[in-house]
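Residues per chain are reported as follows:
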Amino acid sequence: MEELVNLFHGFAVALQPFNIMVMVLGIVLGVIIGVLPGLGGANGVAILLPLTFSMPPTSAIIMLSCIYWGALFGGAITSILFNIPGEPWSVATTFDGYPMAQKGKAGEALTAAFTSSFVGALFAVIMITLVAPLVASFALRFGPAEKFAVYFLAFCSFVGLSKEPPFKTIAAMMIGFALAAVGLDSITGQLRLTFGSTELLNGFDFLIAVIGLFGIGEILLTMEEGLAFRGGKAKIDLRVVLQTWKEMPQYWVTSLRSCLIGCWMGITPAGATPASFMSYGIAKRVSKNGHNFGKGEVEGVVAPETAAHAAGTAALLPMLSLGVPGSPTAAVLLGGLLIWGLQPGPMLFVEQKEFVWGLIASMYLGNLVGLIVVLTCVPIFAAILRVPFSIIAPLILVLCAIGAYSVHSSTFDVVLMLVFGVVGYLLKKCNYPLAPLVLAIVLGDKAEEAFRQSLLGSQGSLGVFFSNSLVGTIMVLGLIALFWSAIQEGYSRLRPHSVA
Amino acid sequence: MTTNSPHAGPTHKAVEAGVTLLIALFGAIVVYGSLKAGINWGAEGPRAGFFPFYIGIFIIASSAINLWNGLRDGDDGLFAEWGQLRQVLSVVIPTAIYVGVMPFTGLYLASIIFIGWFMRWLGKYSWLVVTAVALGMPIVTYLIFERWFLVPLPKGPIEEWLGL
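Line by line, the protein sequences are chains A and B. Residue numbers in the first sequence follow our numbering, run continuously in steps of one, and reach 500 at the last position. Residue numbers in the second sequence follow our numbering, run continuously in steps of one, and reach 164 at the last position.
Read the hints as simulated data drawn from the structure, not as lab findings. Please note that the accuracy of each hint is not assured.
Stated by the list, open to error - Example chain A residues on the side facing chain B (calculated, C-beta under 7 Å, incomplete): (1) Pro50; (2) Leu51; (3) Pro57; (4) Ile170; (5) Ala181; (6) Leu184; (7) Asp185; (8) Gln190; (9) Arg192; (10) Met223; (11) Thr411; (12) Val414; (13) Arg452.
None of the values given here were measured: they were computed from a predicted structure. In this text, a Cβ means the ideal position worked out from N, Cα and C, and glycines have one as well.
All chains should be built: construct the whole structure from the sequences, respecting the hints.
As structure tokens, then:
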């Protein structure tokens, strides 16, 4: 029960007045970020990261994680009211959320979405509370080969699970690894891939990449599409909330299933977006109201929202306990930890107990605060969306520039940000996934270090990655994940014969 | 390719092939740089270029497959219409200028002009609204970043003259 004691200490930390204030501020900023096009969870957190440099690390991570919760909530508002997913993981929410709003049931849809988000997050946080310390203490025994195997599994899951073509995922990922390799080699102290440029000595900072790829790239995509907002009215009163809450329990099976899908997809770094689609798809197939999905069924809002929020929260489990972020936003949070001098991974649970449990406690409180904030302030947030894009766009571009500059106080980084923006636009249009690229920039150096140290121990033999049952198992899981789509295809080819 | 028709533009296939070739070129640069850094074993184990060398090879190999797949059964539709691309460029070019002048003018002046230009030219707002937003945003930024959170932002001659 040591964890429980730690958790209560964590609550004591999270409930300090300053931290509560930071929490509310983070949620509000997060919802705004989630509502605005071009500002997502990952680059919103990246832009605001410099603001937290002067805060104590625990308050800083509370604020940043609350921005993340806020962004998760915010995505639902735009999907339901405007049929514009503010975040990729809210796309599935538009399928039934927007039809509900058109039928004049926007209040019900929003309440259902927010409540399911809360349920999903709560489920994932409880899971983190129970599982994270176990994983961390297990991972303390990891040597370099096991560490590399975990990275290998993480990246292979991307290839197997993402909906983009596998070789595009691999290409995007490898670009990330290559960018991470630029600059000083941490093992030999040698310079590489800088081609004589002094600006590249320190390599590419992934925060700049995140702001460029997700922020600028998204603005360019929005410019191309041209935006017209035809929004439903947003009004939630207490009666609608209570009425909807009364109906919610009947969807408990969908809810539980979506929680499980979300947690699973969040831990393996596939993320919230596929989780929401998968959950929606399964709910549609299984539910007795399945034929009504797409016409405004509450269950069709519950399923994707629960899964997306559970996945978004669960993505922090591997980040905290293994140092492997499960999503781009978790990667940015991990970058924050490094900047504050904290080494993410199993040792965090030993050396920085107050920090870890303060963060976990703030996940409980932050989501509760988030639920209250979004339920009460929906009209205000919806009004933000009515501000025309030609005002919002330059402001977001300026914010991105400020965020990119303040990471290292360098104007060269702002130029890089724009380059990343154009690259992000092209890659996205050509169906290359950006999340693995960013994760590879974050983890590239660590993965390489683990790889080279393992090889050093084995005198260059790749057999070291299968030398004991633990590392061998993780590697085999990785290989299964890598060839997952091929395995599925093979299976579905075999199946018709057995059925027919 | 005619530029006059409203529904004309570069095909998806062509752009995608171009992007794939650029990625392959990037991979080749990585391989070249790794070779320069040394890809064999040195006294302290694998040398600096060892890991990126194979990364570069992976980039080139996967690009080759992507190029093959793209040309064989790629999307025959348009990548984007010329008008849409013009919209995109109408953001990229001013942003490039904005980013380019920032080291000389500082962030604030550049932002005021950038926001003002964007709203006036693309948004067609009245000068009153334009001025309010273009001046308001940098002032709020100054207060939040430099005063409350003590994050210094790039400044130019005007801020120096104002003594900020």
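Quick rundown of the hints versus the structure:
| no. | hint | in the structure |
| --- | --- | --- |
| 1 | Pro50 | 5 Å, holds |
| 2 | Leu51 | 5 Å, holds |
| 3 | Pro57 | 15 Å, violated |
| 4 | Ile170 | 5 Å, holds |
| 5 | Ala181 | 4 Å, holds |
| 6 | Leu184 | 9 Å, violated |
| 7 | Asp185 | 4 Å, holds |
| 8 | Gln190 | 4 Å, holds |
| 9 | Arg192 | 4 Å, holds |
| 10 | Met223 | 5 Å, holds |
| 11 | Thr411 | 4 Å, holds |
| 12 | Val414 | 5 Å, holds |
| 13 | Arg452 | 5 Å, holds |
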